[in-house]
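Q: Residues per chain are reported as follows:
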Amino acid sequence: MTMAIEAQGLVKRYGKTRALDGLDVAAERGQVVAVLGPNGAGKTTFVRAVATLLRLDAGMLRVVGHDVAADPGAVRRLIGLAGQFAAVEPAMTGRENLEMVARLFGLNRAAARRNAQAVLEQLGLLEDADRLARTYSGGMRRRLDLGASLVGAPRLLLLDEPTTGLDPRSRIELWRAIHNLVEAGTDVLLTTQYLDEADHLANQIVIIDHGRAVATGTPAQLKERIGGSVIELHVREERDLDRVAALLGRSVQIDESSRRVSVRVDSGREQLTSVLRFLDAAGIELEDISLRQPNLDEVFLALTSVDAAVGATAA
Amino acid sequence: MSATLIVTRRSLLRYVRTPQLIVMATLQMTMFFLIYRYLFGGAIRTVGMPYVDYLVPGFIATGVLFSGIGAAVATAEDLQQGFIDRLRSLPIARSSVLTARAIADTLILALAAAVTIGIAFAVGFRLHGSALDGLAAFGLVIAFGFAFEWLFVTMGLFAGNAQAAQAMGMIVFPFAFISSAYIPVATMPGWLQVFAKNQPLTYMVDAVRALTLGSHSQALLGHPAGYFITRAAIWAVAIIAVSLPVAVAKYRRG
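Respectively, the protein sequence lines represent chains D and H.
Heads up, the first sequence is in numbering that gives the first Met the number 0, so the first residue is 0 and it goes up one at a time.
Heads up, the second sequence is in numbering that gives the first Met the number 0, so the first residue is 0 and it goes up one at a time.
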């Protein structure tokens with residue numbers, strides 16, 4: 000079977016920085032692949048490369064079997080792109096925006112009208128279809144932008160941080176829309192900074208950092224590799240931070256400004272109890288204590304080398 | 000070709016459906032026109048003809064430059080807001096998006112020039128040549144306008160954002176003012192005259208003037224209309240020949 004995306008050793012330099020530094024990605028057809036990473040990891044550069052928007056300095060990139068460098072025209076007929084901005088024309092209605100993109104995709108007038116109507120229904124924009132896009136809310140604009148990326152019925156949908164900057168409700172609405180598309184059989188490549196988003200939407204996650212893939216797998220596989228959970232303590236007195244750290248030993252992370260200490264543990268519940276017992280015996284007062292899933296920072300700590308991870312900040 | 004038309008339509012709709020843009024631009028242009036006509040005009044001597052007849056061809060031809068700033072800003076905005084990325088990811092000719100921008104802004108320029116001409120006639124401007132020559136002059140302005148749009152589209156692509164495009168647009172001021180558009184070049188210091196006489200806008204202005212001033216033109220300009228029209232046309236072709244390939248290359252590269 001042809002792969003949806005085959006990327007080997009991609010390199011893209013901007014001056015001295017390497018936005019992509021030997022990135023490998025393999026995505027099968029019939030899947031949602033999430034590229035997960037912090038700001039500046041190379042996510043957008045990768046999507047732009049797949050979308051034929053930039054010239055790579057090295058590496059091989061094929062989209063549904065077509066080489067991006069040799070035959071960008073063929074790739075453009077197969078993809079639909081929704082970038083980080085809602086790239087819709089504010090002075091046109093939702094429907095006009097979709098019909099325009101469908102026509103540019105090469106559909107005739109009747110087919111463009113049909114597809115636009117179907118997409119409006121699918122994304123729940125039918126009621127507002129004939130209002131100018133500049134009157135839309137941020138979430139509606141993003142949905143319209145998503146609609147524009149799929150109105151040409153592409154084989155592969157490219158979504159670059161589709162929910163960044165959206166309020167929680169719009170985010171969930173957009174998730175639902177993406178979910179429905181996937182059910183209807185569209186292949187999707189999406190980038191995100193949010194672990195939960197990748198977890199929610201993707202069959203396969205590629206974690207990238209500094210322009211390279213640092214881990215690949217299904218959400219379940221990755222969680223297993225990251226393992227366990229995190230105990231986070233919020234101490235009352237700043238001077239207690241060091242004592243808590245000493246008590247917990249090994250891999251603690253201390254944030255002095257918020258008086259928080261976090262530690263990764265394998266079996267959360269039992270260890271939470273023993274930690275509480277320790278702290279009680281030592282007479283350390285807590286504001287709060289919690290047990291939670293590792294966040295993206297901690298995923299990076301777990302999956303990348305220590306000094307690389309310290310530099311990686313995530314939202 | 001149809002892709003070009005579709006994108007042109009979008010650019011035009013943006014203007015048409017943002018009436019405050021058109022109203023503001025028209026008001027501003029009318030205000031400046033009246034300032035020249037009634038305030039500065041009184042102090043500027045033009046031998047053998049009323050100042051208004053001297054001014055109008057210059058004012059309309061310089062409109063090409065000032066409206067070009069709008070094209071540069073619009074191009075930069077499209078780039079900044081990801082619209083150009085979307086279009087670049089679609090299976091359409093690389094040049095169609097830029098051509099659409101140049102066509103749309105030329106049409107807007109034609110509209111603005113027509114409005115200015117209407118106002119000009121209302122405040123005393125008269126054609127001294129034939130009506131046909133007058134129409135030819137109008138056509139010439141639009142043709143120059145199309146050539147210059149390419150320069151401004153290129154500028155917008157390199158600027159990358161609206162503010163930078165606006166700032167780069169300032170370059171039109173020396174070309175607009177150090178020319179024969181508003182005042183006779185002979186009144187400038189010698190070193191400025193060298194620039195004023197040889198830059199493209201002066202040839203454009205004088206080509207238009209040669210067609211609207213009729214029998215006065217030879218005395219004022221010293222050459223027949225053809226002299227200015229050929230030189231202006233050479234500039235126009237040169238501007239397209241340089242900026243079109245540069246713009247397309249930049250657009251391709253992203």
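Derived by calculation from the structure, the hints in this document are not laboratory data.
Careful, some of the hints might be misleading.
Label-pair restraints from in silico Cβ distances [unchecked claim]:
(1) D:Glu-255 <-> H:Arg-8: 53 to 63 Å
(2) D:Gly-21 <-> H:Arg-251: 22 to 32 Å
(3) D:Asn-107 <-> H:Gln-165: 53 to 63 Å
(4) H:Ala-166 <-> D:Asp-166: 30 to 40 Å
(5) H:Leu-131 <-> D:Ala-73: 22 to 32 Å
(6) H:Arg-8 <-> D:Ala-57: 34 to 44 Å
(7) H:Arg-251 <-> D:Ala-57: 48 to 58 Å
(8) H:Lys-249 <-> D:Pro-89: 54 to 64 Å
Computed list of chain H residues with no C-beta within reach of chain D, every gap over 10 Å [stated by the list, open to error]:
(9) Ala-2
(10) Arg-16
(11) Met-48
(12) Gln-80
(13) Gly-81
(14) Phe-82
(15) Leu-86
(16) Leu-89
(17) Ile-91
(18) Ile-177
(19) Gln-217
(20) Trp-234
(21) Val-245
Using N, Cα and C, we set each Cβ at its ideal position, and we do this for glycine too.
Q: Decide, hint by hint, whether the structure agrees.
A: Here is how each hint holds up against the structure:
Separated by about 58 Å at the C-beta atoms, Glu-255 (chain D) and Arg-8 (chain H) satisfy the suggested range of 53 to 63 Å. For the pair Gly-21 (chain D) and Arg-251 (chain H), the beta carbons lie near 25 Å from each other, so the given range of 22 to 32 Å is met. At about 40 Å, the CB distance of Asn-107 (chain D) to Gln-165 (chain H) disagrees with the hint of 53 to 63 Å. Between Ala-166 (chain H) and Asp-166 (chain D) the CB atoms are about 35 Å apart, so this pair conforms to the stated range of 30 to 40 Å.
Checked against the hint of 22 to 32 Å, the C-beta distance between Leu-131 (chain H) and Ala-73 (chain D) comes to roughly 52 Å, which is inconsistent with it. Checked against the hint of 34 to 44 Å, the C-beta distance between Arg-8 (chain H) and Ala-57 (chain D) comes to roughly 41 Å, which is consistent with it. One distance hint, 48 to 58 Å for the beta-carbon pair Arg-251 (chain H) and Ala-57 (chain D), is violated here, with the actual separation near 19 Å. One distance hint, 54 to 64 Å for the beta-carbon pair Lys-249 (chain H) and Pro-89 (chain D), is violated here, with the actual separation near 25 Å.
Consistency note on Ala-2 (chain H): stated as away from chain D, yet its beta-carbon is not over 10 Å from all of that chain's, at 6 Å minimum. Non-interface status of Arg-16 (chain H) relative to chain D is broken: a Cβ of that chain comes within 10 Å, the nearest being about 4 Å off. Under the 10 Å C-beta cut-off, the non-interface status given to Met-48 (chain H) relative to chain D holds; the minimum distance is some 43 Å. The claim that Gln-80 (chain H) is not at the interface with chain D is violated, since a C-beta of that chain comes within 10 Å of its own (minimum 5 Å).
Non-interface call for Gly-81 (chain H) relative to chain D: violated, since the shortest CB-CB distance, roughly 4 Å, does not exceed 10 Å. The beta carbon of Phe-82 (chain H) sits about 5 Å from the closest Cβ of chain D, which is not more than 10 Å, so the claim that it is off the interface is violated. Residue placement check: Leu-86 (chain H) does not keep its beta carbon more than 10 Å from all beta carbons of chain D (closest about 7 Å). Against chain D, the non-interface label of Leu-89 (chain H) is violated: not every CB pair exceeds 10 Å, the least being about 5 Å.
Ile-91 (chain H), annotated as away from the interface, has a beta carbon of chain D within 10 Å; the closest lies near 5 Å. Listed as a non-interface residue, Ile-177 (chain H) keeps its Cβ farther than 10 Å from every Cβ of chain D; the least gap is roughly 37 Å. Residue-level check passed: Gln-217 (chain H) sits 48 Å from the nearest beta carbon of chain D, beyond 10 Å. No Cβ of chain D approaches the Cβ of Trp-234 (chain H) within 10 Å, the least distance being about 34 Å, so the stated non-interface status holds.
Separation of Val-245 (chain H) from chain D is adequate, the least Cβ-Cβ distance of about 17 Å exceeding the 10 Å criterion.
Hint compliance for this structure: hints 3, 5, 7, 8, 9, 10, 12, 13, 14, 15, 16 and 17 are broken, all remaining hints hold.
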